[in-house]
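Student: Fit chain P to the known structure of chain E by using the hints.
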Amino acid sequence: MIYAKDINESTPWQDLTPGGEIYERGTARAFNTGAWRTNTPILNADACKHCMLCVPFCPDSAIPVQNGKRLDFNYMHCKGCGICAEVCPFPAITMVSGGVVK
Amino acid sequence: MKSRLSGNEAVAYALQQLNPDVMGAFPITPSTEIPEYFAQYVADGQVNTEFVTVESEHSSMSVCIAAQAAGARSVCATSSCGLALMYELLYVAASCRLPITLACVNRALTGPININNDHSDSMGARDSGWIQIYAENNQEAYDNIIMAMPIGETPGVRLPVMSCMDGFITSHAVENIELLDSDVVQGFIGEYQPENYLLKKENPLAVGPYDVSAYYMEHKVMQAEAMKAAKNRILEVAADFEKISGRRYGLLEEYRMEDAELALVLIGSTAGTAKAAVDQLRAKGEKAGLVKIRVFRPFPGQELAKVLAGTKAVAIMDKSEGLAGGGGPLFAETRSALYDLPERPYLISIVYGLGGRDVKTDDIETVFSRLAHISSSSQIGPVYTHMGQRSKEETV
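Note that the protein sequences, when read in sequence, are chains E and P. Numbered according to our numbering, the first sequence spans residues 1 to 102. Numbered according to our numbering, the second sequence spans residues 1001 to 1396.
Check each hint, because a few of them may be wrong.
As the list claims (entries may be wrong) - Straight-line alpha carbon distances no greater than 25 Å define the calculated SDA-like cross-link-like pairs of lysine to any residue that follow:
| # | chain 1 | residue 1 | chain 2 | residue 2 |
| --- | --- | --- | --- | --- |
| 1 | E | K5 | P | H1219 |
| 2 | P | K1220 | E | N32 |
| 3 | P | K1200 | E | I7 |
| 4 | E | K79 | E | R37 |
| 5 | P | K1201 | E | I2 |
| 6 | P | K1228 | E | D15 |
Because the hints were derived from the structure by calculation, they are not lab data.
In isolation and in its complexed conformation, chain E is listed as follows (with noise of 0.2 Å):
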């Protein structure tokens, strides 16, 4: 059986998966589609109540929470849509211009 693990952009055809096959869940997490984004948004931690508005409405499951916290932004898979940043109704959550983390 050839995992995602064993599978990167340098491998040949002969081991790959035929039609692409994935044999294993969840194998999303590891693809960084946070590249795609051309705004960003910025955590205010300290305006921040952890009320947990902003984690249902992500799209994209990219604000982590630990015990009853929300986390600082995953970037790999934020495209900075902004949501987050509308539904605060906090001064929590600023959107910037351009794609890269400052």
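Tutor: Below, chain P alone, put in the same frame as chain E:
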């Protein structure tokens, strides 16, 4: 067992004997009778098939793709515009490496709208990654569809198989036929045992994921290798089939080609007519022969070049107008296949029989007389012509 069946009845009966897990069913002339007869088998409890009636051919092929990916043997039948509406899914089935079986009853593609036979539907799908096998008559239509699963399901192949026959000429004409016992058919195809499938609970599986440019090319090479490997597998399955049926099949059929100087290359039911014409010419001492292409994908180029190596003039007869501006698709493939021969025969392209235009032994003899003239005069004349159309000019 001897019987008398139309081509559609023969294919439906074969499907009943194959007892697939799923059929995606949508009617279109002239293939409608296949799901229609099969529905009776379902209603009578003669098969265990999940018979899924859908709203289009796009959906019937989608059903087959999903079912096959789940681990089920799935089958489908269609014609003409139905195949065209499947077009997107044909590529999905092939690239996901799902060995679906499709009965294609060849009919002209619209437009102008027409329900009669030519090969424009399946020729349009020739680059979709499906194995394509063409029948000359009802017996071959029956035999070919029984061989489809053992060919397509082989691990080194894993490709869908399109089993084609000529609409109405073969699908609706009743002929004598030799049928196999159902248990022999079941023994021949065996159990479907894919290594991975969606319903295998031990391992999760994603089928048809997005392929970025860093991987797409590699997956296409894998498909191309599978298509090359299919050639040998088709011959192995044919050899096994001969053991249970006594009927022998190859990638192509040579008819009186041993010392032939003038030859035809063509596909499908016209081979029957052409054999009769060849016999008449042979009786007059003409060195005439015929090559019937049975397997078009993978294309038997080397085999064809070998058969035609000793000939002087050959007409490649296409039952589809590829509108390439220079000859039909079979002509293009054949001429390419002969390029590596040290001495090549004269080759002409004749497009004929479009939209059900009839072809008779006299027409075939006319083609041979043109080949005889080319051979004796060493003047090829027009390379790309049509046959059977009304014209103010003299035609073939």
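Student: Taking only the CA atoms, is the gap from E:K79 to E:R37 under or equal to 25 Å?
Tutor: Holds. E:K79 to E:R37 sits at ~5 Å (cutoff 25 Å).
Student: Straight-line Cα separation of P:K1220 and E:N32 no greater than 25 Å?
Tutor: holds, 24 Å
Student: Would the pair P:K1201 and E:I2 pass a check requiring their Cα atoms to be no farther apart than 25 Å?
Tutor: holds, 18 Å
Student: Are the Cα atoms of P:K1200 and E:I7 separated by 25 Å or less?
Tutor: holds, 23 Å
Student: Has the given pair, E:K5 with P:H1219, been kept, meaning a C-alpha gap of at most 25 Å?
Tutor: Within the cut-off at roughly 18 Å; holds.
Student: Measure nothing beyond the straight line between the CA atoms of P:K1228 and E:D15; if it is 25 Å or shorter, mark the hint as holding.
Tutor: At roughly 18 Å apart (the allowed maximum being 25 Å), E:D15 and P:K1228 satisfy the hint.
Consistency with the previously given hints is maintained throughout, with no hint failing.
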